[in-house]
Amino acid sequence: MLDEPVTLVLTNEEVSRLMELITELTLGPYAPADEEWKWMENVLGFPPVDYYHDLFEKLRQFRDAPTSPSDK
328 MLDEPVTLVL TNEEVSRLME LITELTLGPY APADEEWKWM ENVLGFPPVD YYHDLFEKLR
388 QFRDAPTSPS DK
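Numbering (our numbering), first residue to last: 328 to 399.
These are calculated hints, taken from the structure and not from any lab test.
Please note that the accuracy of each hint is not assured.
As the list claims (entries may be wrong) - The calculated lysine to aspartate or glutamate pairs, modelled on EDC-like cross-linking and capped at a C-alpha distance of 20 Å, are:
| id | residue 1 | residue 2 |
| --- | --- | --- |
| 1 | K385 | E351 |
| 2 | K385 | D330 |
| 3 | K365 | D391 |
| 4 | K385 | E363 |
| 5 | K385 | E347 |
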């Protein structure tokens, strides 16, 4: 049930802001160190940092994909 696809409609601005948040959370100057990520995973139940990198890439691919034949 948790792995089932869902449909979500976001504007380009919303996707961009979400991507910025992921970047800051994982790569920014205040991003947790490796041992802090492990703590967040073990204690708070956060997914691993790679999950957020994969999510960022998925968002980028969808944002950059053509939406109509004239966009190709």
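Are the Cα positions of K385 and D330 separated by 20 Å at most? holds, 15 Å
Run the distance test for K385 versus E363: straight-line Cα separation, threshold 20 Å. violated, 25 Å
Compare the distance between the alpha carbons of K385 and E347 with 20 Å, and conclude whether the hinted pair is satisfied. holds, 14 Å
Are the Cα atoms of K385 and E351 separated by 20 Å or less? holds, 17 Å
Hint check: K365 vs D391, CA-CA at most 20 Å. Holds or violated? The given pair, whose Cα atoms are some 32 Å apart, is violated under the 20 Å limit.
This entry does not satisfy hints 3 and 4, going by the numbered hints stated previously.
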